[in-house]
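Peer 1: Listed below, chain by chain, are the residues.
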Amino acid sequence: MSSSAKPIANTRSATGIPSARLITWWVIASEIVIFGGLLASYVMHRIGHPEWAEAASHTNTWAGAFNTLVLLTSSLCAVMAHKAADAHQGPRAAKLLRLTALGGLLFLTIKGFEWAKDIHEGFVISSGGFWSYYYTLAGLHGLHVLAGMVIMLVVASDAAKNEELQRVECIGLYWHFVDIVWIFLFPLLYIAR
Amino acid sequence: MLERYLTAASTYAHSIDHLFILIAAIVGFWLIAAETIMFTLVFKFRAKNGRPTQYITGEEKHLKRWITIPHAMVLVCDVVIIIGAISVWYNIKQNMPVADETVRVIGQQWAWSFQQAGPDGVMDTPDDIRSVGELHVKINTTYHFELMSRDVVHSFAVPAFRLKQDALPGRTITGWFRPNRLGTYDIQCTQMCGLGHALMAGRIVVETPQDHAAWLMRNSNPAAAGLQALPASPPDGTLTLAEARR
Amino acid sequence: MSTQVEHAEPSFFHKYMWSTDHKMIAKQYLFTGMVMAMIGGFLAYVFRMQQGFPNQYVPGFGLVTPGKYNAVVTMHGTIMIFWVAMPVLIAAFGNFLIPLMIGCDDMAFPRINRLSYQIFLLSAIVLLLSFLVKGGAFGGAWTAYPPLSSTGAYNLTPAGAVLWLLAVALEFVAFLLGGINFTVTVMNSRAPGMKMYDIPILVWMIVLASVLFMVSVGPLIAGAVLLLFDQTMSTGFYDPTRGGDPLLWQHLFWFFGHPEVYVVLLPAMGIVAEVVAVFARKKVFGYKTVLYTTWAVGFLSMVVWAHHQFVAGIDPRMANIFSITTLMISIPITEMVFLYIATLYGGSITLDTPMLWALGFIAEFLIGGVTGIFLGSSGTDIYLHDTYFLVAHFHYTFVPIAIISVFAGITFWYPKMFGRMLNETLGKIHFWGTVIPFNVIFIPLFITGTAGDQRRIYSYAQFAEQSRPALQHLRTTSTIALLVMLAFQFVFLFNFFWSLRNGKTAGDNPWRSTTLEWTVPSPPPHGNFAVLPTVYRGPYEYGLPGRADDFAPQNVPD
Amino acid sequence: MTTEAEAHVHHPNYVKIWAILVALLLVSVLGSMSHVREVVLIAAFGIAIVKAYLVARNFMHVNVEKRWVPYLLIVCLLFIGILFAGVAPDIMNHVGQHWINPVVNQPAVSGAATKNE
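For the protein sequence lines, the chains are A, B, C and D, in the order given. The numbers in the working numbering rise by one with no breaks, and the one at position 156 of the first sequence is 158. The numbers in the working numbering rise by one with no breaks, and the one at position 91 of the second sequence is 313. The numbers in the working numbering rise by one with no breaks, and the one at position 71 of the third sequence is 453. The numbers in the working numbering rise by one with no breaks, and the one at position 47 of the fourth sequence is 57.
These are computed hints drawn from the structure, not numbers from a lab. Warning: the hint list may mix true and false statements.
[What the hints assert, rightly or not] Once the Cα atoms are required to be at most 35 Å apart in a straight line, the calculated DSBU-like pairs of lysine-lysine come out as:
#, chain 1, residue 1, chain 2, residue 2
1, A, K8, D, K76
2, A, K8, C, K577
3, D, K76, A, K119
4, B, K266, B, K283
Could you build all of it, start to finish, from the sequences and the hints given here?
Peer 2: In C-alpha cells:
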C-alpha cells in the first residue's frame, strides 16, 4: 500500500539497465515521435510555402543562437552533475542540477522577451502559417524545459541528501534530449530562410 | 452480385462489381475452409472422446506443412487481388478518358450545386447553367467533374455509378464518369459534414441527348441562372440550421 | 473484494481511489471500462432505434434530432474504442496479469501506474461533461476531420468539440504512461529464469501493443495540439484558405488510427491464446511463430494507414502503395489465426464458458478479417467506403476484440480476481444470447451497405434508393437483434455481481493452468507471491510425456 | 542501482566537448549570414546533426548504452520518416495527379520543388 517502499519489481533489472534509466529512454522515445510528428508537419508545410521565408526573416537569429548557447551550457552542468552523482558527491550534484535549472530559467526568460517583442510587432500565433508553427513548436519545447526544471529541482533536493542519486542521470538524459530538440528548432525557426 | 441490390448505371460500375465477386469468391473459400477445419477439430478432439492430449510444439516438419502451405496460398491470392484492385483503381481514378462534357460540382453545408456550360458549350459564360441538388447529364457521354467544397469535407457519391470522391476545401479534384443507363439516381454525401449531413441529397438525371438539349434551353436563361446562383461565401449557420430542422 | 489480506484496512479513499496496487488499479480500469461500455451500449441503442424505427420517440432518450444523432454516433465510436477497448483490454488485463504472470510483486513504477489511471478517469469525466455543455456533445464523427471539427460555425458544437479533443488527448497521455510502465516492467522485472521465450503470449501481446501505441500516437498528439489551437486560438493549421491543409489531420489521425486497431487486437489475441491453450490442454502451436507474426503485423500496421483515405482526396498514385501494404498484412494475421486453429489439433478440449468465448472470437473475427479485404483493395473501396458494409466489417473485428475476447478474459480470470467461480449455466446462456444476436445485427448491415446505405445518416428519407422498404426491414431486423443482445448483457451483470458473494470458492488453480498467476491464492494478496517464484520452463507445457498430471507449471522444477 | 550506473560509463572531458559544440554553433550562425542558400542550409542542418550526435554520444552516452537503446531511438525516427514519405505528396505539393490546390500562391514553384513517391 505505502507508495514510498519500492516494490521488488522496481529493483530487478533483467536487461542490465536500471528501471529508472530504462523508463527514461522509453519516455524519450515517445517524445521523439511527438516532436517528430510536429516537426515533420512543419517541414512539409514550410517547403510547400516558400513565401513563409519572409515571416521567418523577422525572427532574431542572435537571440536564438544565445539561447542555444544557454542550453548547451546547462547540458554541460547536467552531465557534470551525473559525474558527481556517480562519485557519490550528492551535494555537488545538487548544486550542479540547480545551476542547470537556472540555465533553463534564463532560456525561458530570453524566450519571454523575444515573444513580447514579436507580439508587440503584431506577430501573434494567428498571424500566419509560420507564426502558428513558430509559437507552437517553441511553446511545446518551452513546456518541456519548464517540466524539466521542476523535476530537476525535486531530484536536486533528494540528491543533496545523497538519496536517489540514480535519478540525477535520468533527469540529465531528459534534459539533453530537450537540448537536442532545440538544436534542431534553432535552424528550423531562426536560420532557414 | 451488387446489381441485385443496386442498379449499375455507369461504364465502370461493372468492373467494380466484378472485382467484388472475385474477392468474394477467394475470401469466401478461405472463410469456409477455416471455419470448417476449426469446428471439425473442436468436435474431433473433445475431452469426452477420452483421448489424452498430445504434446505438439508446432516445430514438427510434417505438421508445420499445414501452416506453411496455406500461408503460401494466401500470398498467391493476395497477389491476384492486388492486381485486380489496382487495375480497377487505375481505370477509375488515375486514367482519365477524354472528356465530352465538363461539369463543376460544389459541395457546401448542406447541398450539392452544379455548374455546366450552357448552349454555347463554354464554361464560365453568362449562359452557364447552375443548379442546386439536381444534375442533368447525357447518356453515353464522358463527363469530367471538377469537385470542390465551400466549407468542410464532403464526399460526392453516386452509388448507381459506383462513384465516390471526397470534396476537400481548398482543392479541386478532377474525376470522370460515363453514364450508360437512363434514369434518375441518388447523389449522396458520405462524409460527415455536420447537422444537415442526412439532408445533403441530390439527384442525377441521365437523359437522352434530345431531352438534355431541351433541358439546356429551358434553363439557360441568365436571369434564372442569376436567381439560382449560390452565395459566394459559406452560408451562415442560422439559415441552413433552420433548413435542417424542418 | 479486499485485495490486501494481511494488511490493516486502509481508508476507503486510500484503498479504492489512491491505491498503487496493480490489482486494485486493474479493477479500477475494469469497472470504469464497464461503466463506459454501458454508456456506449445505450448510445448504440439510441441510434439503432432511430435507424430501425425512424423519427419515433425512443424510450429513455426521446426524439432523435439530426444534431443529437450525430453526437450519439460520434460518442459511441469514441467511447467504445478509447474508453472501453483500451482500458479493459490493455490496462485492466495488463495491470492485473503482467506482474502475476512474470512473477513479481507489482509494476516497476506503481505511482506512475496510479497516475495513469487518474488521468484516464479525468479524461472520461471530461468526455462525459461534453454532453452537458452549450451546443451539446461533439457530432463530427470519431475521426473529427477538420474544418468541421476545427470551426464552431461549421460543427455548431464549439464547446463540445474542444472538450472531446481534450478528453482524447488526456486519454492518450494516460495510456502512454501506462504502456511505458508495462514495457519497462516486463523487460526488467521478470522472475529469475523467465527468458524471452518463456513469457506468456498475452504478456508479449500487451507489451507489443503498448509499444505500437507509443510509436504511433506521437504524431497524433502533435496533431491534436494543432487542432486545439485551430479551435481556440484561430490558427490555420488545417484551414486551406490560410496555407493549412485538412488532409494533414487525416494523415496524422490514421497514422495512429490504423495501428490502434492492432493495439486492441493484439491483447485480444493474447487472451484467446491463453484460454485456448488451457481448455485444449495443448501447447500453443508454434509459440515462436506466433510472436514472429505478431512483430510482422506490428510493423506492417504502421505502413497501411492511408487505406482509410483512398477516396479522401489523397494523390491516387499513393493509393496503390497502401493497397499493396494493406493486403500484405493479411498474410501474418491469417497465419496467426491458422496457428490458433492448429493448436486445437490433438488436444483434449472442454467447452467451458471461457473456451466458448475464445472459439467464438476466432470464428467471428475470421469474418471481420476477410471482409476487410473488400475495403483494403482500392478498387472495391471506391464503392464500399463509408457505407454500412464498412460499419459491419469493423464491428465484426471490434466486437470480437472488445466484447467477445473481453468476456473470454473475464470469465477465465474472474476466479483469480475475486476468488469465486462464475455460474457456468448463466455464462453459457449469456454467450449464446450475445453471439447469435451479434450476427443478426451485422449481417443485414453488410447487405444494406452493398445496397449503398451510407453511414452516419439519421434518416434516409432524402434518398430514394435507400428508402426502399426492403432495406428498412433489414435495418429494423438489425435493431431488434441489438435489443436482444443488450438484454442478455444483464444476465452477465447479474452473474458477475451475484457470484462475487455466492459463487463457489475457486481455489488457487481452478483451470489446472501452467502460468504463474495460478500459483498464488485467489484473490492474490498484496505483494502477490509469498515466495517470489523461479521459472523453469515455457508457459504452455500441457500433456508433457511421462508426467503424472497433464500440465507442468512454469515454477515447478523437473 | 547507482553501482550499475557507475559501471556503465567512464566520464570523458565534458568541457572539451562543450567547447566544440559552442564552436560549431558559431560556425552555423556565421554560415547563416551567407547569401548562398545551399551554404545556409548546410551550415544550419548539417551542423545541427553533428551537434545532436555529439550530445547524444558524449552527454547521453548512447554509445556505451545497451545496443537496442540506439536502435529503439533510430526506429522511432524511421517511423517519422515513413510518416513524412506518406504524407508529403499530399501536403508538401500543391498539385498532383488530377488534383490542384489553387488557393496556394505559387503551386508551380513549391510543386516542382519536391518529388512524388
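Peer 1: Now, for every hint given, state plainly whether the structure supports it.
Peer 2: Hint-by-hint comparison with the structure:
no.	hint	in the structure
1	K8/A to K76/D	holds (25 Å)
2	K8/A to K577/C	holds (24 Å)
3	K76/D to K119/A	violated (46 Å)
4	K266/B to K283/B	holds (22 Å)
Hint 3 from the list above is the single one not met by this structure.
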